[in-house]
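> Listed here are the chains, written in short residue letters.
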Amino acid sequence: MKFVQFLVIFVCFAINANAQLKDTLNLQQFEIIKSRLPLNKSFKKTVIDSLQLRQVGGKNLSDLLQNYTPIFIKSYGQGGLATPSFRGTGAAHTQIYWNGIRINNPMLGMSDLSTLPIFFVDGVTLHHGAASIIDGDGGLGGSILLSNSTQHQNKLEISQQLGSYNLSNSSVKTAYKWGKWSFVSSAFYKKATNNFKYKNIALPLDNIIARQQNAALKQGGGMQQIKFNPNKNNTFSLNVIAYRSDRQIPQLINTIGLSTQKQRDESLKSVLEWGKRLKKGNLIIRGAYLFDQINYVDSLTHQYFNNRYHGINNQLWYSYQKTNNWQLKLGYTTEYVVGKTKGYTQNRSRLQFSPVVDVEKKLAANLLGNLTIREVISNQFTSKPITSVGFTFMPQQLKGIQLKTNFSNHFHAPTLNDLYWKPGGNTNLIPETGWNGELGFEVNRTIAKNQKIYFEITAFYSLIDNWILWSPLSSSIWTAQNLKKVRNKGLELALNYTAKIKGYNISLFSNYSFTKSTNQKGINTSDNSVGKQLIYVPVHNLNAGIDVKRKNILLSMGYRFTSDRYISTDNNWYLPYNNLFWLSGSYKIKMYKTHQINIAFRIDNLFNEQYQSIAWRPMPGRNFLVSLKYIFK
Amino acid sequence: MNSIKLISWNLIFIFVLSSCEKKVGIGPQQKQTIDSIPTVSVDTTKNLVLISNEGNFTFNNASLTLYDKVNKTTNNGVFQTKNNTLLGDVFQSLKYINNELFLVINNSNKIEILDEQLLSKGQINGLVSPRYIENISSGKSYVSSFKSGFLYEINENTQQITTLIPLSGWTEKMIHFNKQLFVANMDSSRLFVINTDNNLITDTINVGKQPNSIILDKNNHIWVLCDGGFKEELPTLWEIDATNRQIIKTLSFSDINDSPSRMLYNSATDKLLFLNAGVFEFYISDNTLPTDPIINGSNHLFYGLGLDPITQETYVSDAIDFVQSGNVFRYNTQNQLVDSFATGIIPGDFLFFGE
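First to last, the protein sequences are chains A and B. The first sequence begins at 1 in the working numbering and counts up by one. The second sequence begins at 1 in the working numbering and counts up by one.
Check before you lean on any hint, since a few could be wrong.
Unchecked claim - BS3-like cross-link-like pairs, simulated, lysine-lysine; straight-line CA separation at most 25 Å:
| id | chain 1 | residue 1 | chain 2 | residue 2 |
| --- | --- | --- | --- | --- |
| 1 | B | K231 | A | K422 |
| 2 | A | K342 | B | K231 |
| 3 | A | K342 | B | K147 |
| 4 | A | K74 | B | K31 |
| 5 | B | K31 | A | K199 |
| 6 | B | K31 | A | K489 |
| 7 | A | K422 | B | K209 |
Claimed, not checked - Here are some chain A residues the structure puts well away from chain B; computed CB gaps all over 12 Å:
| id | residue |
| --- | --- |
| 8 | N148 |
| 9 | G179 |
| 10 | W181 |
| 11 | N195 |
| 12 | R445 |
The set of hints was computed from the structure by calculation and includes no laboratory data. A virtual CB, placed ideally from N, CA and C, is assigned to each residue, including glycine.
Kindly generate the complete structure, drawing on both the sequences and the hints.
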C-alpha cells in the first residue's frame, strides 16, 4: 500500500516538474547534482554522492547505506551495533577500507558501522562482488571504500544539530591553505539518550507503550589532514583520525530489569601517503598505523572485557594508462596485526603479504577485457590466488550502453577469534572459498537537454564453501568449524535520473536487490535448514528517493522497503517487512559573499512505523533532526 | 512560490493516503505451528511429559512442549497458548515442587510458576541468570546462578527471594542430603557444601573441571560428572560419600575430546545414564566406564536426556544446529526407537509427572 502511495507522489512530482517548463523564472547558475557514473569496467560499483552524504547529518554510515545503496544493514537499534551484508553474505565478508587501508577488526572480522564517524568521510564508494579484489582479499560480498577528498579551499564550518531523543551533534571543520601546504582539521561531539517510545510486544497487554532505557550514546573525535605539494609531480599527505564512543547497551524488551552493560570503543587510524607522478604512470606509497580497543563492562555481574588490536599496513601502488588502449595497476600490501584479549592464551598476530596485478585492455573495437590476479601469502593459512576475469561490451552505435560480465574466485581468511579464542578456537580452520559470476547491463545516456538517465541491472550467482560457523561439536562445546555451504543468487538494479529544468534541479534514484541466499549443506540428517533462506537476509530490499533543488532550497524525500527476514534457520520464524519514509530539506542563506548559513531539517520514519531490525530490539518511531551550519570561505 | 505550493500539496497528499494502512505484526512471527493438534488437557497428568525448549539466546523464543506418552501427541508452545504471553529467553530447567511447576528462565532473570493446568501463578523476579532449582522443604528452595556470583535462597510459596548467599562464579546443579546442600561450581572445579539451616559454607570438595551433573544414589553416595572443560582435562566421574564427604572413587574417561553431560540416576536399576555424543549407561557398582553407547549419537546432536521413572524409557533430544526447532527421540527399555517428535528450539530438560 505504501509503495503505491509513493509511486503516486513521485508521479505528482514528475508532473509538476514538467509544468514548470511554461514558467519563465530567473535562473541562477549552480551545480547540477552529480549523477552516479561507474568506471568503465566489468564490475558493479555504487558511488554515493557528496550531497547525499551531507544530508544524513547526525546519523551514521549505516543510515547512509540503508537509504542510498542496495546493501542490507542489520541494526541492533538506535546507536547500537550495525553490520553490512552484500548479496546475502555475512558481515565479515564485507571489507571496509579507509583511504585504501583495511579497517575491519581482525579479531572479529567485521566493522561496526555505527561507530564510524561519517563526519570524517568525504566520499563513499561500494565495490560489489569481484570488484573488491583490487582493494584486498576477503571481500566475498564486496567492499566499502571511505575516502577523504584531496581538494580543499580555505574554509571554516561550524555546525550544530539537535534531534529527537536528546540528540546533540556539534562539529567544526577548518581548511587552510598556506603556500604548498594545506591543512584540514575537524572535530565533533555527539550525544543522545535514545530513549525513544516503542510498543512493547513482549508484555501481555498489547497497547503498552514503553520507553527505551539504557541506550545512551556519547561520541567524540578529531581528524587532522596535512597535505604538502612541493611540485606538480609529488604529493605528501598525512591523515589521522581518533575517536571514542561510549555506549550503553539496552536490555531486550522482554527482560525485566535494567541493563547495566556498557561499551567503550576507541580508535586511532593514521595513514601517511606519498603520491608521485612518473614519466610513465603514477606511484603511491602508503604507511598506516591502526589501533582499536573495545571495553565492555557489566557492572551487575562484574564482567569486564578488553579486546584490542594494533595494525601496521604498508602499500605500494603503480598505475599506468596507455591512452585508451590498456591500463595497468600493480599493488603490493603488507599487513601486520596483533590482537590482545583475555580470550586468547597469548597475544595473537597475523602477517600477510599480498601482490596484485590488474590489467584492462581493449580487445576489439567494442570489447574491453579485464584481468585481476591477487596472491595472499600469510603465516596462518595457505590460500589459492584470487582471480577475476571480466569483459565489457560497448557497442559503438549505441552510445552509453554496456553489457558486462565477470567471473571470479575468492577467499576469506578465518578471523583471529575463529582461530585462537579459548574455548572453541580452531587452528585447523581453512579459509572460506567463493566463486562468483555476474552479468550486467547498463545504460548511461543523456536523453534530452539537461536530462540524464542511468540504469543498471546486474545478475549474480555465487557459491561460498567452508563458511565458518560456531557450532557445537557435542552438547556443550562450541567451536569454529568450516561447516556451511551457501548459494547466493539474485539481481541488483540501480536507477538514477537527473534533470535540470527551468531552474529546478531534480534527481531521482532507486536501488533494488533481490537475493536468494540458501543453505546447501545440512549438519545432520534431521537438519531442516537445507534449501532455506539464510537468517536475516531479506529477499527484497528496495530504496528510492527524490531531490528537488531550486535556487537555495532543497527538498528531498525517500522510501525504504525491506521484505520479511527469517530469524530461524528452518524459516519457521520471521520478522515482518518494513516500510520506512524519510523527508528532508535545507535552505542556504548567502551573506556578504564569503559567509553562508545552511538550515536543514530531516524527519526519519515519517509515518511512525513500529518495527524491528533484529528480533526483540525495538527501533525508534518518527524522529526529527534540525541543523544549523555556518560556513565562512 | 508556485513551487512551494505544489510541494506542500504533494505533502498533504502523502498524509491523506497514509491514513489507509494495513496492519502488520511487530517483532518475530511464526510461520506455522509445528503441530496442528488442539491443546491437550492436563487431567491425566501421569501420561504427560514436559520438555523445556531453551530458545535462542536473546531471541526471547523459549517455549514449553507437552507430550502425551499414551496417545503420542505433541503440543508445542503450550505456555503461550495457555497464558497468552511469551515465556521468555533461555528456558534452562524445570522442576515440580508441591503440585506446582517451576520454570527457570535463565536470560529473563525469572522463575515462572505454573499450576497443574499450566496456568501461570506468578513469577519470582530479581534473580540474575538463574539456572537450576532445588527444594529442601516447604518454603525453602535454592536457585543457582550463571553470572551473579550468588546462590539464592527462595521461598517458593510466597514467591520471594529470602536471601542471597555469596559464592563465587557459576553455580549449576545441586542435590541435598541431611540438611546439607551440595552445589556444583563450574569455574572452580569443586562442590560447595552449604548448611541449609544457616546458609553457611561448611566445606568444599575438589572434583574435576566443570562438574556439570550431580546425583545422589540409594546408598547416599554423591556422583559427580565433570566434562573436563574444552579439551583441557580428561573428563571424570566421581563417587563421594555424602555422610563423611570422602571421595570413594574417581574414574577417568580416555579421550580428551569427550564431553559427557546430563547424568541421570535410575533408582530402579541402580544405573547412571549420561550423554557423550551417544547415550551411555553405567552401573553404580561398575569399576570401569562404558565404551559403547546404548543409543548411538552419530548423525545427531544429542543435547538433553530424560528418564521416565515409571516406564524406564529414555528420551533424548537433538538440537540439530541450535538455531532451528529440535527433535526428541523416545526409546523403550530395549533401546528401540518408539517415537520421535519435533519440539521447540533447543530442547534440553525433561519433566515426568510423578517424579
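> Please go over all the hints and tell whether each is borne out by the structure.
Against the structure, the hints:
1. With a CA separation close to 10 Å, the supplied pair K231 of chain B and K422 of chain A stays within the 25 Å bound.
2. Taking the CA atoms of K342 of chain A and K231 of chain B, the gap is about 18 Å. The hint holds against a cut of 25 Å.
3. A distance of roughly 18 Å separates the Cα atoms of K342 of chain A and K147 of chain B; the hinted pair therefore holds under the 25 Å criterion.
4. Distance restraint check for K74 of chain A and K31 of chain B: the Cα-Cα separation of roughly 21 Å lies within the 25 Å cut-off, and the hinted pair is therefore satisfied.
5. For the hint linking K31 of chain B to K199 of chain A, the alpha-carbon distance of about 22 Å falls within 25 Å, and the restraint holds.
6. At roughly 24 Å between alpha-carbon atoms, K31 of chain B and K489 of chain A fall within 25 Å of each other, so this suggested pair holds.
7. The suggested pairing of K422 of chain A with K209 of chain B holds, with an alpha-carbon distance near 15 Å, which does not exceed 25 Å.
8. Separation of N148 of chain A from chain B is adequate, the least Cβ-Cβ distance of about 35 Å exceeding the 12 Å criterion.
9. No Cβ of chain B approaches the Cβ of G179 of chain A within 12 Å, the least distance being about 45 Å, so the stated non-interface status holds.
10. In this structure W181 of chain A is separated from chain B by more than 12 Å, as the shortest Cβ-Cβ distance comes to about 44 Å.
11. With a least beta-carbon separation of about 19 Å from chain B, N195 of chain A lies farther than 12 Å from that chain, consistent with its non-interface assignment.
12. Residue placement check: R445 of chain A keeps its beta carbon more than 12 Å from all beta carbons of chain B (closest about 27 Å).
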